[in-house]
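Please take these sequences and the hints and turn them into a complete structure.
Residue numbers (the working numbering), protein chains in the order written: chain L, 20 to 239; chain G, 250 to 536.
These are computed hints drawn from the structure, not numbers from a lab.
Be a bit skeptical, because a hint or two may be false.
Ranges between beta-carbon positions, derived for each pair [stated by the list, open to error]:
hint, chain 1, residue 1, chain 2, residue 2, range
1, L, Lys195, G, Ser533, 28 to 38 Å
2, L, His94, G, Asn340, 42 to 52 Å
3, L, Met235, G, Leu502, 51 to 61 Å
4, L, Lys195, G, Ala276, 50 to 60 Å
5, L, His94, G, Leu442, 22 to 32 Å
For clarity, every value in this text was computed on a predicted model and none was experimentally measured.
Glycine residues also receive a C-beta, built at the ideal position from the N, C-alpha and C atoms.
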Amino acid sequence: MPRRRLMHWHPNPGATLNSQILAEACSCAESLGGTKDGRWKTSIISCRPITRDSMGAGGRLPPDVPGELLGVALHEHPGLYFSILRTHRLVLQADAAFPHVMEKLQSYKARVSLDFEGFQYQLGDFCLRIGKCAPNNSETMRGIIMEVEYYPLSSIEKSRAIMVDFFDIWQETLAKKSLPGRFIHVESNFSEYGLSDHYSFQHTAVQYATCLQQLMAVRA
Amino acid sequence: MPLVCPDGAVVAYAWKRQLAGQAGASAVDRTRLALKAFTDQKRRFFPHLEDEVLNHLHDGESGIAKRPRMPAGNGELEEKTLSEILKNLENEVPNMKISTYRRLDWSKRASSLASLMDDDFVDPSKELNLQNMGKLRPGSVTTPIDQVAVIELLVPSIFRVVVSLHPAGSVDPDAVAFFSPTEGGSYLHARGLSVHHVFKHVTEHADKALQYFISVEPSKALSMLLRWIADYQTLFAKLCSKCRRLLLMDKSLALLLPPVHRPYHQISSIGSDHQEAYHIGCSSYDA
Chain L
20 MPRRRLMHWH
30 PNPGATLNSQ
40 ILAEACSCAE
50 SLGGTKDGRW
60 KTSIISCRPI
70 TRDSMGAGGR
80 LPPDVPGELL
90 GVALHEHPGL
100 YFSILRTHRL
110 VLQADAAFPH
120 VMEKLQSYKA
130 RVSLDFEGFQ
140 YQLGDFCLRI
150 GKCAPNNSET
160 MRGIIMEVEY
170 YPLSSIEKSR
180 AIMVDFFDIW
190 QETLAKKSLP
200 GRFIHVESNF
210 SEYGLSDHYS
220 FQHTAVQYAT
230 CLQQLMAVRA
Chain G
250 MPLVCPDGAV
260 VAYAWKRQLA
270 GQAGASAVDR
280 TRLALKAFTD
290 QKRRFFPHLE
300 DEVLNHLHDG
310 ESGIAKRPRM
320 PAGNGELEEK
330 TLSEILKNLE
340 NEVPNMKIST
350 YRRLDWSKRA
360 SSLASLMDDD
370 FVDPSKELNL
380 QNMGKLRPGS
390 VTTPIDQVAV
400 IELLVPSIFR
410 VVVSLHPAGS
420 VDPDAVAFFS
430 PTEGGSYLHA
440 RGLSVHHVFK
450 HVTEHADKAL
460 QYFISVEPSK
470 ALSMLLRWIA
480 DYQTLFAKLC
490 SKCRRLLLMD
500 KSLALLLPPV
510 HRPYHQISSI
520 GSDHQEAYHI
530 GCSSYDA
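Spelled out as structure tokens, the structure:
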């Protein structure tokens with residue numbers, strides 16, 4: 020599948036997130052010739068293990084049990100669900116029914132659900148998805164992210180120069196708006212997850228997990 | 250009665266009358282008759298044009314085009330046959346996979362690529378396995394050189410190029426098209442167009458390069474074309490020789506494109522750092 024790169028908004032110290040930044044980013048996409056092409060949505064569910072009395076005094080978890088399991092549901096594949104164990108660098112592609120199975124097993128339970136959603140823009144061979152991150156069923160903005168997809172290439176290595184160049188053009192365009200912050204891209208170490216150079220949905224899921232970590236760090 | 254023009258010429262489509270009542274005539278029959286009608290008219294009205302290619306057409310699509318022996322000039326490799334051209338290219342560009350097909354076999358291959366690429370969860374090695382299967386399967390038959398009508402050039406993760414030869418087995422290219430390696434389907438042929446803008450524009454430029462090579466040195470057109478194509482390995486990495494950028498917004502097309510033009514009037518050796526690349530707006534070639 021085509022190569023994608025995820026970026027998140029990093030506000031300047033003291034600056035806050037607001038919908039004006041999101042609107043300006045969308046305006047930049049249009050100034051580059053982008054045409055609005057519908058909406059998009061990705062959800063991340065943070066799951067915690069269910070503790071039981073049988074686990075010992077205080078129901079503490081054994082040390083080898085991961086404390087968090089992330090689930091990623093991508094907009095264009097509603098039939099799929101991606102589970103990520105960041106501590107163990109594992110990513111699993113499963114059917115969308117997987118969370119229900121986990122619930123029945125009473126192993127992990129969803130605690131926090133975040134939705135990334137916004138508008139999609141077509142710019143020739145590029146596709147931009149710009150949107151906000153907010154808790155499920157809440158309008159409180161926790162972050163702003165942008166996904167850039169380049170249709171002709173699916174090799175991460177071969178598309179690197181193109182993606183970096185696009186990002187530079189994007190930054191130059193956005194800089195004219197004098198916004199209190201900038202978009203940054205944090206590289207995900209795909210090889211640690213056992214992923215190849217050929218881009219896939221698993222790569223996207225890992226990027227969202229990395230992005231979430233960054234957004235939480237910004238808020239901390 | 251067939252339609253006769255004032256100058257006595259019979260309208261080319263009179264061949265259809267020959268098939269009247271022959272409902273079972275195949276597409277090959279129709280095509281063969283149409284080709285004969287058109288070539289007869291060409292010979293009648295443009296006798297000064299070279300007939301050598303036409304003789305091969307009437308002999309059918311078989312046999313290697315016999316070209317006069319070219320004197321070895323400045324140490325360039327003498328490449329008289331298709332085999333020699335492809336073998337030399339393989340040695341010069343080892344990372345470009347060269348495959349040859351009969352026309353129908355290529356259609357099947359293009360369609361098989363569609364089903365392979367439709368699977369979003371494809372194992373990246375599937376493409377390679379598909380290619381290797383053709384070589385390792387017991388009893389598999391490679392295309393006899395005198396029946397080669399399509400040459401596929403694949404630089405993994407960069408491009409797939411389809412070159413058509415006419416007649417089959419000759420060293421005469423008549424069409425070329427660039428595609429993404431991720432594309433597949435019946436539209437993948439030498440006269441097809443990629444769904445991606447970058448490859449559409451490279452194809453447009455390649456068509457002009459092909460016409461130029463044919464016009465200046467028909468006997469070497471294929472060799473020159475294939476080597477010129479090989480330089481596109483750097484399509485997504487080489488900066489424009491004029492503006493020194495990789496991506497540039499082409500204002501007339503409203504597209505962000507890498508340098509899709511490579512000069513074809515003077516070709517350096519493959520992989521040479523001196524080979525230039527230009528964005529459409531930076532290039533001196535007509536868009």
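Here's how the hints hold up against the structure:
{"no.": "1", "hint": "L/Lys195 x G/Ser533: 28 to 38 Å", "verdict": "holds (32 Å)"}
{"no.": "2", "hint": "L/His94 x G/Asn340: 42 to 52 Å", "verdict": "holds (47 Å)"}
{"no.": "3", "hint": "L/Met235 x G/Leu502: 51 to 61 Å", "verdict": "violated (41 Å)"}
{"no.": "4", "hint": "L/Lys195 x G/Ala276: 50 to 60 Å", "verdict": "holds (58 Å)"}
{"no.": "5", "hint": "L/His94 x G/Leu442: 22 to 32 Å", "verdict": "holds (29 Å)"}
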